[in-house]
Amino acid sequence: MSNILEAKDLKAYYMTQAFGVRRTVKAVDNISLQVRQGEAFGIAGESGCGKSTLLKVLLGAHEPPLTVVDGTVKYRFDDMEEIDPLALDERGRREIRWKKVSYIPQGSMHVLNPVRRIRESFHDFVRTHKKVSQAESWDMARNYLRDLGLSEEVLNSYPHQLSGGMRQRVTIALATILWPKLIFADEPTTALDVVVQRGVIQLLKDIRQKEGSTLVLITHDIGVHANLADRIAILYAGKVVEEGDTKEVLKNPRHPYTQHLINSLPRLDERSERVSIPGRPPALDNPPNGCRFHPRCPVALDKCRTIDPETITLEPGHRVACHVVAEEVSHAPVA
Amino acid sequence: MLLTIRDLFRFSPAFRYGAIILALVFVLVGLSFFSPYEPDVNRAVPRNKPPSDVYVFGTNSNGQDVFWMLTFAVRNSLLVASLAVVIGRGIGVLLGMISGYLGGRVDRVLSSIVDSFIVMPRLPLLILIASILRGQMTMASLGVLLGLLDWAYPSKRYRAQILSLRERGFTDTAVFAGMGTLKIVVQEHLPFLIPFLLADMVSGFLFAIGFEITLSVLGLSDLSTQSIGTMIYWGNYYQALLSNRIWILAAPIGASIVIVVGFYLVSLGLSRYLDPRTRLLRLQVKTT
Amino acid sequence: MRPSPEPSSTAELLRVEDLTKVFNIRHGFSTKQFHAVDGADFSLQADTPEILTIAGESGSGKTTLARMILGMEQLTTGVLRYKGRDVASLTRKEKRSWFFGQVQPVFQDPFATFSPLKRIDHYLYETVSNYKMADKAGADAYIDNVLNEVGLSLKEIKGRYPNELSGGQAQRVSVARALITRPSLIIADEPVSMLDASLRMSIVNMFRALKEKQKVSILYITHDLATAYYASDRIAVMLRGWIVEMGPVERVLGSPMHPYTQNLKQSIPSADPARVWTQKIDLADMDGEKYSHTGCKFAGRCPAVMDICRKKTPPNVMHEGRMVKCFLYDKSVQST
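Residue numbers (the working numbering), protein chains in the order written: chain A, 1 to 335; chain B, 1 to 288; chain C, 1 to 336.
For reference, chain A alone in the conformation it holds in the complex:
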């Protein structure tokens, strides 16, 4: 299985100058990721961790004041050579958009044109990328929606006649109808009712199964990752602190932040006291030295205050960036 998406040593900062003051927000600071073809890769993190910036850069959709300062991003589709999304011009971007790479934005239910029926939106959409007649595109849309469990009368409706959840599912269908190989989903379930959320998660699963596409899922909701992502990367303050098999990371979180994150989630089976670590994520324009989590970390060592931890591999596929874990591993007796 080859990697369909590779990011290496990616650094993307917001560099602004206002009122004579220069400010650099290190939103993505030295991130490397590999996403295998056909898998569902989750990027988890809370607000302010840099995940939306990371998404922009991975799509090559960054605009000033966001600048990529260092690092590379590469797409590798098996029938073509490598594509560098950071170097694409508008024409190049349009070539791959929706056909190879697709993007489901947050609040995507609002992107439908309110004065066009759904089937017309589909037609407009498909036509810009493929030469089809109206009848052909409607056929495509009808079949695709039926496969996804959406009824045909959706096609004849206007967006305001559908519920929020339906619109979200229609937008997801729209974004994936040309069977892109790589799908980015940005908070696809936020702001939806919990019952509809389950439907959306299932929809994404079904799409992946049918087309074998790769899904990069960005959300703060760990529950969604647990049910959808094969592998997961936890982001904190612009860096990846833990990455690995979703089941493994959720069952045995090694990084103190991951542990804190998982322990602070309420569960429907017990009402015991849930402890949360005080403090909040650092502002990215002035991050702490060394490990960015050290001011809040319950087990911080001295070196955590000054040295940025290296990423080490615990088991194949499970990586952590933490001095404490590194010490444990180096001192553990060899089995």
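Please note: incorrect hints may appear among the correct ones.
[As the list claims (entries may be wrong)] With a Cα cut of at most 25 Å, we get these calculated BS3-like pairs of lysine-lysine:
| no. | chain 1 | residue 1 | chain 2 | residue 2 |
| --- | --- | --- | --- | --- |
| 1 | B | Lys183 | C | Lys136 |
| 2 | B | Lys183 | C | Lys93 |
| 3 | C | Lys136 | C | Lys158 |
| 4 | A | Lys8 | A | Lys74 |
| 5 | A | Lys251 | C | Lys265 |
| 6 | B | Lys183 | C | Lys215 |
| 7 | A | Lys74 | A | Lys11 |
| 8 | C | Lys95 | C | Lys83 |
| 9 | B | Lys183 | C | Lys132 |
| 10 | C | Lys136 | C | Lys118 |
| 11 | C | Lys118 | B | Lys183 |
| 12 | C | Lys311 | C | Lys331 |
| 13 | C | Lys155 | C | Lys132 |
| 14 | A | Lys131 | A | Lys99 |
| 15 | C | Lys83 | C | Lys215 |
| 16 | A | Lys205 | C | Lys265 |
| 17 | C | Lys95 | C | Lys136 |
| 18 | B | Lys183 | C | Lys95 |
| 19 | A | Lys11 | A | Lys303 |
| 20 | C | Lys265 | A | Lys247 |
Hints in this document: simulated from the structure, not taken from any laboratory.
Let chain A serve as the given structure and place chains B and C on it in line with the hints.
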């Protein structure tokens, strides 16, 4: 505040040039207090002299130095316009805000009053009133009159702003914090209107200056006071154009153009600065 | 001034009696009636403070219900009594002088709750002075005291604008502002939904502590059943204006009886890898708009639907220590 102004200077060429122009205008106004001549004295200097070293802008047919008269003219025109703007926008803001916040019957009554004022044809009405009051029209009363005719349309806009501000969460917070209606409208909502108000005031200025000039040129204002419009009036009266004494008209006309352009550039710079879409572009650090 | 009706029972803090709110929506020339809240009925006791969750999805009516209790929305029918007095008949002046000192809101978005142009402590000082909780000299100490109850201090937030604080801090200040008048009832509308998941529990913990220490009852409106389970004593599940199940939270969420509550519980994605969903749900019948207009509002989606469900409105049945609005538990139906 100062940082904003400095940023405006750096970022917006429109604001920069507009501010420079307006600075010159205000210097001119300041000079009026040092004028060697009184504004209402005729035959202080030889008549109809073209511009020279002694008389920088020449002299007019009443025997007055055009330059120094211009300083008075600019001062008075701006004063009239200021009065009009203060009265007009003052009434407009107050009524618009109350109407928008209270809603219901108060809103309906006030809105119908506002609508009646809006449909009034202002220039013909001004001309009519001015003709009736011929002898007794002073610059101050002109200012008040202009203000009274220009509050209606702005009040509609402020009402619209308040209608949306009223739905914001902090309005509810203010209610539950025990604040009364007037306090809420003034303390919570008014600050949001200020950038809007600034741009609106500039447009009010331009309206007032334009109307003052129009009325004065028609001879309907206080002709014994120097204003841009009255200078043009007297110039026409003595047929400056026909007798090739262009400097008599050029000075007030030029001044009015300069003032209008200056205000317009400032408001252009301000409104572009306040536009959230350009904010990101502005913040960008030039890395090249 | 018209005297308010005599308090009927001061043992009840809040009494919601058959409360209904109907919105008239114009569709072209016809008007459709939309029952946002339909016959809501419950009460809160005055002597034991409790946290009652009103849970439901969007369109369930929970926010409309909260707004009616706060006096921000007029009722269509029904009675709403606070400490025995009829809320709907309070004049504006009575509201400002008495009611708002007793019942305070906490809203969902802490950054919309405060004007971005004003320092955040402005609202705290205003509340103190308008309700005369302390004089000018004592205001600082009083506010600091209240802020301590929510885990903050006056020094931390004095003079700061809302955008200088984090979401969690701003929401705490919002709660502090609500506490200043020492209310007996706080209505919290989705207070944690805009906060990061790891912060939510600290705010919910704070609510629990407030109930214990300050003896404040809290009406907690949310769609998040997980925090509801953790925070509340009782829970009422709303569906399209009806309260379909209500009772102690361990019972209702531990072993839900109403099919809708069961549906809700199953739909929550769990972060525990041992509890991930294994079954596929049928997407086709999730078209939520097919709610019927006669009979039970859930009949269109209910897996256990019976004939009678489509024809008649289900009664409120008491069963196993809770209220359920469902024919499945109606003994008179079950016995036939």
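To see whether the hints hold, each was checked on the structure:
no. : hint                : in the structure
1   : B:Lys183 / C:Lys136 : holds, 19 Å
2   : B:Lys183 / C:Lys93  : holds, 15 Å
3   : C:Lys136 / C:Lys158 : holds, 16 Å
4   : A:Lys8 / A:Lys74    : holds, 9 Å
5   : A:Lys251 / C:Lys265 : holds, 22 Å
6   : B:Lys183 / C:Lys215 : violated, 32 Å
7   : A:Lys74 / A:Lys11   : holds, 14 Å
8   : C:Lys95 / C:Lys83   : holds, 13 Å
9   : B:Lys183 / C:Lys132 : holds, 17 Å
10  : C:Lys136 / C:Lys118 : holds, 20 Å
11  : C:Lys118 / B:Lys183 : holds, 14 Å
12  : C:Lys311 / C:Lys331 : holds, 17 Å
13  : C:Lys155 / C:Lys132 : holds, 22 Å
14  : A:Lys131 / A:Lys99  : holds, 13 Å
15  : C:Lys83 / C:Lys215  : holds, 15 Å
16  : A:Lys205 / C:Lys265 : holds, 21 Å
17  : C:Lys95 / C:Lys136  : holds, 24 Å
18  : B:Lys183 / C:Lys95  : holds, 17 Å
19  : A:Lys11 / A:Lys303  : holds, 24 Å
20  : C:Lys265 / A:Lys247 : holds, 22 Å
Hint 6 from the list above is the single one not met by this structure.
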